[in-house]
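**Student:** These are the residues of each chain, in order.
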Amino acid sequence: MLCVLMQGYSRACGGVTGGISDIATFDPSDFNFTQTTATSAYSAVALRTGAVAADGAKVFIINFQDKEAEWTWKQSKNGCATKYEHEFKFQLVENSNTLTNFLQALDAAACCCGLGLFIRLNSGKIFVAGEKYVNAASIPKFTVAQDGSDGTSGKNFDDPNVGNILLKGDYSRNLREFSGAWSAIEALM
Amino acid sequence: MGKNKKMAVKIKKEYASTVIAFGNSGLPLGQRDDLSDLAIIAHQSKDPSLLKLFETLPSLEDLQREKVQALLPVLSAIAETKDPPQE
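Chains W and R supply the protein sequences, listed in that same order.
Numbering-wise, the first sequence is residues 78 to 266 according to the working numbering.
Numbering-wise, the second sequence is residues 243 to 329 according to the working numbering.
Subject to a maximum C-alpha distance of 30 Å in a straight line, what follows is the list of computed DSBU-like cross-link-like pairs (lysine-lysine):
no., chain 1, residue 1, chain 2, residue 2
1, R, K288, W, K202
2, R, K294, R, K252
3, W, K135, R, K288
Treat the hints as calculated values from the structure; they're not laboratory data.
In isolation and in its complexed conformation, chain W is listed as follows (with noise of 0.2 Å):
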């Protein structure tokens, strides 16, 4: 308390899965989240004005192998300075022209507005990574982008014929949980 307000870390005392369940992408610049204090969860979330769905703004599922999907951060510092480095991957299956344009739409939009992310957990814990407006103010930049993909057809018939994809986005903290269930982002989609 003399130099810093510390505090601990406990939970309910239990197992928990660890995995993947979901992953759906969003364009930051459609979706405003809102939280109710500066440490809180998001509580909801929602259209921003002129964002359309029927025009496309909408959350995107992302089908992906099962059990090869995965996120990791890793925190490191510089003096007083603290970097997160977040990376998404997961595997998509089968190389096909889909599969090209999914990778470009990807592309384009790391270039020019950065890729939103929503992450449900194996334990029901949804997570969002790379959001840009939180009740109605936009945030510091925390730009998601594909960076490292990479994919395979496979030399024999039982070898995968998958794409690797590799989001990256680094931010000044860990991601911030949506306290919401996931039937209420599916209605966004």
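Chain W is fixed; fit chain R onto it per the hints.
**Tutor:** Below, chain R without anything else, positioned relative to chain W:
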């Protein structure tokens, strides 16, 4: 749960078909039965994009009081089950 008819939380007509993702549902606002929860979120966040949705918005104190009052019968029932009458 919580029809909240006592609290006059009313959405402006032009926002009845608006979808706000909160709680367990993404139904249009005109079909939600948990608008009191959204009203509390709007008050606590002071998010202008939420505050503008309401035609009538009770005070935060009134909304929170009604939320507690709705829970009191449930809490009483639990207390009676847990602790048989003593003394």
